[in-house]
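Protein sequence lines, in the order shown, are assigned to chains A and B.
This note's numbering puts the first sequence at residues 1 to 418.
This note's numbering puts the second sequence at residues 1001 to 1543.
Please keep in mind that the hints were generated in silico from the structure rather than gathered at the bench.
Hints are supplied without guarantee of correctness; some may be wrong.
Claimed, not checked - Which chain B residues stay away from chain A? Per the calculated CB distances, all over 12 Å, these:
| # | residue |
| --- | --- |
| 1 | Leu1097 |
| 2 | Glu1099 |
| 3 | Leu1128 |
| 4 | Lys1189 |
| 5 | Arg1194 |
| 6 | Gly1222 |
| 7 | Asp1280 |
| 8 | Ala1340 |
| 9 | Trp1365 |
| 10 | Lys1372 |
| 11 | Asp1381 |
| 12 | Gly1394 |
| 13 | Thr1407 |
| 14 | Ala1496 |
| 15 | Glu1506 |
| 16 | Met1511 |
What the hints assert, rightly or not - Okay, the calculated bits of chain A under chain B, using three or more residues with CB under 8 Å as the criterion:
| # | segment |
| --- | --- |
| 17 | 48-56 |
| 18 | 128-140 |
| 19 | 184-191 |
| 20 | 372-380 |
Stated by the list, open to error - Straight line, CA to CA, 30 Å or less: simulated DSS-like cross-link-like pairs of lysine-lysine:
| # | chain 1 | residue 1 | chain 2 | residue 2 |
| --- | --- | --- | --- | --- |
| 21 | A | Lys329 | B | Lys1509 |
| 22 | A | Lys165 | B | Lys1422 |
| 23 | B | Lys1219 | B | Lys1251 |
Glycine is no exception: its CB is placed at the ideal position from the N, C-alpha and C atoms.
Spelled out, the chains give:
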Amino acid sequence: MKFDTIIIGGGLAGLTCGISLQRHGQRCCIVSSGQSALHFSSGSFDLLNCLPDGKEVENPVEAVERLKLQAPEHPYVKLGKEKFEELAGSVVEFFSQAGVSVTGSACKNHFRITPMGTLKPTWLTLSEQVACEHGDRLPWKKVAIFNVTGFLDFYTQFIADEFHKLGTECVLREISFPALERLRKNPTEMRSVNIARVFDKRENVDELARVLKDGRGNCEAIAMPAIAGLARTDVLECLEREVGTRIALLPTLPPSVPGIRAQQQLRRAFEQAGGVYMLGDSVLRADMEGDRITKVYSYNHGNIPFVARDVVLATGSFFSQGLVALPGKVYEPVLGLDVEFVENRKEWYDMNVFAAQRYETFGVKTDNEFHGLLNGAALSNVYVAGAVLEGFDAIKQGCGAGVSILSALFVAEQILRK
Amino acid sequence: MMKQDTAKPFDVIIIGGGATGAGTARDCSRRGLRVLLVERFDISTGATGRNHGLLHSGARYAVTDQESAKECIKENMILRRIASHCVEETDGLFLTLPEDDIAYQAKFVEACSQAGIRAEIIDPKEALRLEPSANPSLVGAVRVPDGAVDPFRLTASNIMDAKEHGATILTYHEVTELLREQNRIVGVKVLDHRTKEVKSYYASVVVNAGGIWGHNIAKLAGITINMLPAKGALLIFGHRVNNIVLNRCRKPADADILVPGDTICLIGTTSSRVPFEEVDDMRVTPEEVDLLLREGEKLSPLLARTRILRAYAGVRPLVASDDDPSGRNVSRGIVLLDHAVRDGMEGFVTITGGKLMTYRLMAEWTTDLVCKKLNVSAKCDTAEEKLPGSRESGEEVGKKIISMPKTQRNATISRHGDLAEKLARNTTTLDNSLVCECEEVSVGEVKYALNELDVHNLVDLRRRTRVGMGTCQGELCACRAAGLMSSLHKYCTRRAKEDLASFLNERWKGMAPIAWGDTLRESEYMAWVYESVCGLTLSQKQE
């Protein structure tokens, strides 16, 4: 199997890189083992919320310079301010062409609503969710919050109490009708994705519209969990047209329906551009010649190699198994690239779960062009993108999605420049 | 902070909500005494909830301590009868490995038979057939009547029976002072941690059943008990590797018992002296983890490939003999101190030492002493009368709650025994929804625990229902449970979020010592969900 580029990992980084390469005429293959972090997403993408010293960031483009001193191996430092600004500025359009509509700017963080009802800074938010301009108020005076009866991954009372603090009045309503009751027969079925499947049927959307219309009272907006529109993308549009009120979808606990849909849409965009997406396969090993990888072998394809000019590693962090930790060691399991970590595992953790955890900054070492290093030397046709990279703390710095997208776009540029 | 003197009279106040305190509350209330039990946190928070959960046959002590061995086997047989829903009759094997002295086996079997413990030498091949996870290089095996016991369930059940017999149970009430009139203790002053109120309660006898913390409680009366905190660390694995308890057939040493329990198994323990300042915050060190794994793999090599869920440690309340202040001569047996005789302090009794296995016997001795002081002649019946939950067989209960989905039904019965019926009463299909998928805990079970079992926070709830004890260590169920607790008005949403934050921190405490491999994946995911997606932060606690 011959391709221009093999991308290992089909999450946000792998898909972004793949779409970019396909659009520029390359023939790529993405090998994906399954779920990615997008399946657990908030429906927003963060670029940079906080510097390592704890200082909050309002304008990521301005703040990125300061990373140089505080986190010299940060992927954004490798990009440099100009590249960072240029790439970040291109993402809204890039996503829009791929059919994923987002709002936001790299020069000013806005605020998203969390499943707990609080506001948190972010960069881009999917259009059907709420992007608030300010961190201390909501765009509504009075809102009706709906939840499906017995759906345990969305907490109307939590949200209402937080909204109240922000000066917004709330009324709480429940959604219950026969199609949903059928789900309840099995105790594990009342989960976001299963409910979303109910709303992929037109008649159920109509029923939902009636419930929302009846219950909204004099509220200027309706908020409900993001549990609609998995296969269909027009559910929100239909509902708003029928109900005649602005409807805001709020994130739930995982799995994330908007995240899964974004993932599906990006995959579709990649395939429509001619890319090959191999789902449920994993790369096991590679053949090397000098400083190049010549062939890559996967689980499903056994001895039939993937041959490509370039290889992109976008396998994600520990959770996605792009990095694997043993008691005194962290390694990259697919290509065996060099990984930055400390040996003493006492230093990996802070005993406060909400403090910065050092293990979060471990990752694959690269040069400034994001070539992966093996035994200290850069491999000339191997690039690394996304959460598997070293030097940043996606959780504390609020930069996970940004690192994935920008490093992927940058890697695509490097490959195309050759 | 208001001071309030409570008029309600009690015969006996028991300090400590571990197995011993709960057992004593049960025994005293069954003999007609008016009982108050005060516990500074939740029930089973000390050594009771931090051990192997091993239903000792006594075999482990047979060679070194015949008295303990005899007590164990007697109590073992009693618990099988009175607490059947807390006990799993797994049996145990004592394995001799190539590096162990096979001659010890004969000595061991002889000592067991002397203590009245059935100990049967079986062929190593037969042992492997019975327990395929055992180390295949074993050269000898002895089968004994070990088992597994759930200490949370056992303690909760004793509490429940005590309440049925009129006892008052106050959790989150910490004793700050022993009320004294001349040379007599007449009551306690307690701080209610939830309301911050200070209250006084009076009784004719005060029983100190505070485990290692009993040391400081005695101090409040100006009495010194020479206690030695001994830390024991354990590891919990995410699967039930073995179905039979595995022990090493040698002198008791570190990490030589592997016990199955519910969906998991446990290896332990280490043993090290710790200073008193540390007993409130036991942390497992990387060295202890390494030792437990190294030794554990010798019992069952499978452990090397099994995911570890968490590490934790408890503190044994060892007591030095009164005539040996150096602390070298330590007894692991039961220590019942009548301070009237020992220290000239009337109305005050300390029960300590012993082990989970002998909690009932300790309670019996204590209650006998209390009754003697009060001139009450009622006899102990706790060895015969079954505990709530154990009064009907699981099969019988199953028939009564047939409408519950099967896996849930089995899980509920295994956790609550015949009380599952009470739990299932008045539930709707809404209540069948699962809060915790790892452990099959339903909305109905959470509601029952909140309403009936003195649950005040998520950690309490975990001890009653196993919410958050499974493979995911509370990833999603914690949030669902917090949501439920706040929707049932157990607390406000601000407290719910604080509680969630401290629950997650408590889980992390046990995960951090073993956070590599899948546990690190899980930890990262947890941080991602709660901190990134939900925006839960440290400041949640300070707000």
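Verification of the hints:
1. Listed as a non-interface residue, B/Leu1097 keeps its Cβ farther than 12 Å from every Cβ of chain A; the least gap is roughly 24 Å.
2. For B/Glu1099, the condition that its CB be more than 12 Å from all CB atoms of chain A holds, with the nearest at approximately 24 Å.
3. Remark: the non-interface label on B/Leu1128 is consistent with the geometry, its nearest Cβ contact in chain A lying 29 Å away (cut-off 12 Å).
4. Residue placement check: B/Lys1189 keeps its beta carbon more than 12 Å from all beta carbons of chain A (closest about 33 Å).
5. A cut-off of 12 Å between C-beta atoms confirms that B/Arg1194 is not in contact with chain A; the least separation is 21 Å.
6. Non-interface call for B/Gly1222 relative to chain A: holds, since the shortest CB-CB distance, roughly 36 Å, exceeds 12 Å.
7. Distance check on B/Asp1280: its Cβ is at least 15 Å (rounded) from any Cβ of chain A, clearing the 12 Å threshold; non-interface status holds.
8. Every CB of chain A lies more than 12 Å from the CB of B/Ala1340, the least distance being 45 Å, so the non-interface label holds.
9. Every CB of chain A lies more than 12 Å from the CB of B/Trp1365, the least distance being 40 Å, so the non-interface label holds.
10. Distance to chain A confirms B/Lys1372 as a non-interface residue, since its nearest Cβ pair spans about 48 Å, more than 12 Å.
11. Even its closest Cβ contact with chain A, about 40 Å, leaves B/Asp1381 beyond 12 Å, as expected for a residue assigned away from the interface.
12. A cut-off of 12 Å between C-beta atoms confirms that B/Gly1394 is not in contact with chain A; the least separation is 20 Å.
13. For B/Thr1407, the condition that its CB be more than 12 Å from all CB atoms of chain A is violated, with the nearest at approximately 9 Å.
14. At roughly 7 Å, the least C-beta separation between B/Ala1496 and chain A is not larger than 12 Å, which violates its mark as non-interface.
15. The beta carbon of B/Glu1506 sits about 9 Å from the closest Cβ of chain A, which is not more than 12 Å, so the claim that it is off the interface is violated.
16. Remark: the non-interface label on B/Met1511 conflicts with the geometry, its nearest Cβ contact in chain A lying 9 Å away (cut-off 12 Å).
17. Restraint check on the segment 48-56 of chain A versus chain B: 0 residues with Cβ-Cβ distances below 8 Å, three needed, restraint violated.
18. For the segment 128-140 of chain A, the stated coverage by chain B is violated: 0 residues have a C-beta nearer than 8 Å to a C-beta of that chain, whereas at least 3 were required.
19. Counting residues of the segment 184-191 of chain A whose C-beta sits closer than 8 Å to any C-beta of chain B gives 6, which meets the bar of three, so the coverage hint holds.
20. A stretch counts as covered by a chain when three or more of its residues have a beta carbon under 8 Å from one of that chain; for the segment 372-380 of chain A and chain B the count is 0, and the coverage is violated.
21. Taking the CA atoms of A/Lys329 and B/Lys1509, the gap is near 21 Å; set against the 30 Å cutoff, the hint holds.
22. Simply put, A/Lys165 and B/Lys1422 have alpha-carbon atoms about 40 Å apart, too far for the 30 Å limit, and the pair is violated.
23. Distance restraint check for B/Lys1219 and B/Lys1251: the Cα-Cα separation of roughly 35 Å exceeds the 30 Å cut-off, and the hinted pair is therefore not satisfied.
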